[in-house]
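Asks: The chain contents come next:
Protein chains: 4
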Amino acid sequence: MKAIVVRPPTPGAELKEVPDPSLVSGTVKVRMLENGVCGTDREVAAGRLITARPPPGRDWMVLGHEALGVVEELGEGAVGLREGDLVMPINRRGCGQCVNCRIGRPDHCETGMFRENGITELDGFMSQFLVEQPRYLVRVPENVRDVAILAQPLSDLVKSVDELLHVQSRLHFPCEDGTLECRKALITGTGPIGVLVSMLLRTMGMKVYAANRREPKEVEKAIFSEVGVEYYNSASGYGDLYKAVGGMDVVFDTTGRADVIQQLLPLLRNNAFLAFFGFSSEGSMNLTSLEIQRLIFKGAALVGLANGQKPHFERALWHLASWKTVWPGAVRRLITREVKVDDFEQVRKVLERKEEGEIKIKLLW
Amino acid sequence: MKAIVVRPPTPGAELKEVPDPSLVSGTVKVRMLENGVCGTDREVAAGRLITARPPPGRDWMVLGHEALGVVEELGEGAVGLREGDLVMPINRRGCGQCVNCRIGRPDHCETGMFRENGITELDGFMSQFLVEQPRYLVRVPENVRDVAILAQPLSDLVKSVDELLHVQSRLHFPCEDGTLECRKALITGTGPIGVLVSMLLRTMGMKVYAANRREPKEVEKAIFSEVGVEYYNSASGYGDLYKAVGGMDVVFDTTGRADVIQQLLPLLRNNAFLAFFGFSSEGSMNLTSLEIQRLIFKGAALVGLANGQKPHFERALWHLASWKTVWPGAVRRLITREVKVDDFEQVRKVLERKEEGEIKIKLLW
Amino acid sequence: MKAIVVRPPTPGAELKEVPDPSLVSGTVKVRMLENGVCGTDREVAAGRLITARPPPGRDWMVLGHEALGVVEELGEGAVGLREGDLVMPINRRGCGQCVNCRIGRPDHCETGMFRENGITELDGFMSQFLVEQPRYLVRVPENVRDVAILAQPLSDLVKSVDELLHVQSRLHFPCEDGTLECRKALITGTGPIGVLVSMLLRTMGMKVYAANRREPKEVEKAIFSEVGVEYYNSASGYGDLYKAVGGMDVVFDTTGRADVIQQLLPLLRNNAFLAFFGFSSEGSMNLTSLEIQRLIFKGAALVGLANGQKPHFERALWHLASWKTVWPGAVRRLITREVKVDDFEQVRKVLERKEEGEIKIKLLW
Amino acid sequence: MKAIVVRPPTPGAELKEVPDPSLVSGTVKVRMLENGVCGTDREVAAGRLITARPPPGRDWMVLGHEALGVVEELGEGAVGLREGDLVMPINRRGCGQCVNCRIGRPDHCETGMFRENGITELDGFMSQFLVEQPRYLVRVPENVRDVAILAQPLSDLVKSVDELLHVQSRLHFPCEDGTLECRKALITGTGPIGVLVSMLLRTMGMKVYAANRREPKEVEKAIFSEVGVEYYNSASGYGDLYKAVGGMDVVFDTTGRADVIQQLLPLLRNNAFLAFFGFSSEGSMNLTSLEIQRLIFKGAALVGLANGQKPHFERALWHLASWKTVWPGAVRRLITREVKVDDFEQVRKVLERKEEGEIKIKLLW
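Residue numbers (full-length UniProt numbering), protein chains in the order written: chain A, 1 to 365; chain B, 1 to 365; chain C, 1 to 365; chain D, 1 to 365.
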């Protein structure tokens, strides 16, 4: 079968023939319909991601961890799926040792010995076919098919917002009317993660501010306006935002930049939650003991968040379904381009750099 | 303005002129678009509901607790809403004394001195206009308008399923893959409540069985088939169901009949949750100490569930939005008839008895 | 070694020689110091307990599930314990299949295929020696040795009160000062379970009422007075209690009698929790649909509670330690008699019937 | 009455006559028995604590927030206490505005407008008498009197460990046997806070390491040996500890030094919890974006913790009671000196600097 293959840490990606996976007992064969491309794929293809390594004994692996396919054949004893079902594979496999992995929650793997498709020791999903156990496949409702590819990044955020709300239930977090409408959240960064988490926190009822260090693009204006998110240009810091609307109950950083995060600390209200979500290799922050003391006075919680699992994929799909009804224009704008895999020159460009105005690009098989 | 007026415990309902409510500071005026009719309205109109009583000093009150309207005018200082916003009023007001009411959760009122619109001491919503504080109004997305009226009964179920999942987290309730797909739920009764809770538990991922003591109607067949619920005819008890699929992790009774509930106890698996939700005045059960002992061995939880609040209304609307995308046919079938209020003869019939095949009837203003 | 042997369902218990258990890799050998006797032991010895059966392939088993011993020898590779450590064995072993058993919580076993020492398919602890894996042994602080035997029944209650508080966190259960001092609990039955749970709920800060259908015995008067529990004679029902102090937030039944439980239902306040804990073979209750409806209006939770695990044993020991300081007289009174195993005629009597004024009897090796 | 009076930010403390507080309706009069001295008192007395300020309209206030007294007189309508009851006052009063303060949890005050006795706008407890509402007084069991003064600092830690365990329940935190015995905690700093939190985490069952940048003092050796805590000399960093025992599930910093905290980050295991508890004005840390990324990969939670409320005082007293039984020597060593208030020269010294080997010093009235 054809597959997009990488050889980390050697840069580059190619479309080539690889052996078909074999349908063994208890597995199903999935014909790929489309893949999503994200920043991590680009880091892997560029040979820059430290955790990227092929399966043991090989110098290559299939790229990709966002995928949508259709069940084409059932192996002996495979249960829970039927031919023709739309499915998405989940992309982390537990270490098999720690308690959290053994209860289906490798997002909290304790050993760090989990594997990730298309990243660490497991083939990814950018191939014509996939063979997988049903427990790692999520059924996708037919009517969500057009945007289902977003469920993979969204699953990470569903899990993250779950964790945020769980941590915040250390206090009485709901407002006086029982909702979260009095709670204010600031999202830094307006890439796909920033946009999706804005939509998710709006769905929870919070007031949401999304910040980037420039004027908003047209697509951002359109989405944020429909969804009810206020855009803030943070080119000259966050002081004006603080003056205008006060401190934040939630700050969700998707930039990963320590220098940005340092600017965010003064915005934290008492009991605030600061999510570390994004990765960056640039920037640093300096924290004095006095600033730590302020975090104590505030009772702030700073938490590193990552990786959704099967229950989060399922709920991500329900969110996408609801957004299609409530915010149809915004949802439509989230898929900014589709590229056919066979047009591999285009694919190569897509894997090399983020496009102007890109939110999510789909590769079609 | 016109309103549908009742005089409990005197039976009967009439369409008559009542004084317009006055727009005071901090409130908004809502023009009614439609009302939903439920079994409780019929009990009130028939003078049979014990808890039904008009506001102090009056022998009449406006009926109705399911409503959708549009904001027409804002009183001085009213914040959080704009003219033209679609809104639904929530229908229970706290006692103002206990901790739970004071934190916006009169669904857990401790004194029992809460009031309910159209039922206990507060005018209901079947009137041309409504004046209300924004904190008791839930914004409704425009694209959910057609089925938004269902958010009131659904809010009760969102809250109930929340409570169910909270209680069950006394154990490790998720399956080995982190989802709830291995969990089985039986719903008894296939009225609007039974149908809506089936959809909700399917949304949570559970396997759902819905039972009634007869063959399913066409509308039920259509809905359950689309939603993936298995219908079970319980006319000769639940033995065949147990033989076929084993015990249940969740039993959600909407019949309120003690004799039905008695039949359900043997179906409870270890750690099962039995929800008491429905009301009935007929039937009784006999429990021996040995049967209590079995509930202990099983670690069963039997919980009385009722009343959703503002956060549950909001989430009910999101569920309806997602169902419109995923199960469009089923959602469309939930509204079985629309009747114009001005055709009061029809309204009277609707208030007198449930129609054959009725799920939800809307009254249009 | 010597052991107290039973042959359910044949009645009777005898002191006889049985083979010494062999110290295999990863286990430790424990020399028994003492055993506690409880009602279940008597039911097993009388051949009346349905779940009592010897290990497969045998018609006899060692009785007993309350034990305190000292580590005498460590098998190869046994970690976590040293010679001379005081230890208590926990008395339920998981099914090895369901998720809850695999995470160390067979108190929520889903299959029901767990085993219990001295009851179901596993030898009990009334023997000179015991060989066990460290994971099933709880270290006992030297200074709690005199009352440690109570940690087994108390562990069941620690777990039960955990579950109670977890279930009640479905609402805002703490009082306005953050404590539980405004919450009222009624305990029915004043056997060892009734006394221990009274002490535990007092420790949580609640107002506690303990009821029995007679005047209190001297030992009960002394304990309840020191602990701050109000005794109530329920010989003529619970009406006077209700009149005097109003409804209850928690009712913890240790009688297991359905007829008693029926009398308790009207005492439940809104949001109340009713614990089913005790076993009885006599009595029954009749519940109408209207009474179910009242449970719904109240939002009552009725939950079957049983079995503490290792974390609950550990916490039971800490409670006993604290009670020795705060309520030294009451704690001393909990052990009502000590009997030497070699005086087997006395042991036989102890196993045949509960003594007048008995709370806990120890058998000494 | 006599009181120890401060005039922040002017340094110094004096014993002087101040007006007796008047017993108004609903309050009780408490005769002081003893006060505890902590580092914060010294900061206030030295005029260095920024948040220290007298009640409005005054330039002086009574110092002290650790106190034990006896109820001497009941004001009209005061309920819940009797003359002769031993009591401790809690030392933070809510803002009266935010939801958390209104439900008795000003430890999560949202406005920051709470007040603290002896620190911010409220007289402290170093005075002969105190007049207070019963809701702010915690009953102390007679048999815990000797060490009850420790319940104030311990209450902060009970609340902190509650929060820690709550946050960690974002994952499956218990070990395979349901306990916390596999979890490792490192405490930095071995002052009273470090010692008390070590004891608390041992009570929870964790493996505990306590670190300071020097060899342990005799009193520390004695306490840690009895309690089962391993002491670690961190003078040359934490590398040797990591090599010897691996990463930590919990790091609880009581030093407040940013430079120390920076050294601790590499010790965090996956899913680890880092508690910010101590205050310091010296030191700083530098964090690169890559180090933030590691916190994300680890899923670390960094949380600022402070302030126990009434329920935490109550539980602190139960812990002290249990420790008196289990670790009697260690508990006895926690009170390192008693000083009579009338010997004010000694008191002044105590308020000026921490003594060599000091854990907790009591002032006796």
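Hints are computed from structural coordinates only; laboratory data are not their basis.
Where hints are given, some of them may not hold.
Same chains, same label: a pair holds when it works inside one copy or across any pair of copies.
[Unchecked claim] Mimicking DSSO-like on lysine-lysine, the simulated pairs with C-alpha atoms at most 30 Å apart in a straight line are:
{"id": "1", "residue 1": "LYS354", "residue 2": "LYS243"}
{"id": "2", "residue 1": "LYS354", "residue 2": "LYS298"}
{"id": "3", "residue 1": "LYS217", "residue 2": "LYS2"}
{"id": "4", "residue 1": "LYS207", "residue 2": "LYS29"}
{"id": "5", "residue 1": "LYS298", "residue 2": "LYS29"}
{"id": "6", "residue 1": "LYS243", "residue 2": "LYS29"}
Asks: Now tell me, hint by hint, if it's right for this structure.
Replies: Now for the hints, and whether the structure bears them out:
Within a single copy, LYS354 and LYS243 get their C-alpha atoms no closer than 34 Å, and across copies no closer than 42 Å, so neither meets the 30 Å cut-off. When the C-alpha separation of LYS354 and LYS298 is checked against a cutoff of 30 Å, the pair qualifies only between copies, where the shortest distance is 27 Å, while the shortest distance within a copy is 38 Å. In this homomeric assembly, LYS217 and LYS2 never come within 30 Å of each other (Cα to Cα): the closest approach is 36 Å inside a single copy and 50 Å across copies. In the homo-oligomer, the alpha carbons of LYS207 and LYS29 lie at most 30 Å apart only across protomers (24 Å), although the nearest pairing inside one protomer, at 44 Å, exceeds that limit.
Taking the shortest alpha-carbon separations for LYS298 and LYS29, neither the intra-copy value of 52 Å nor the inter-copy value of 34 Å comes in at or below 30 Å. Taking the closest pair of Cα atoms, LYS243 and LYS29 never come within 30 Å of each other, the shortest separation being 56 Å inside a single copy and 33 Å across copies.
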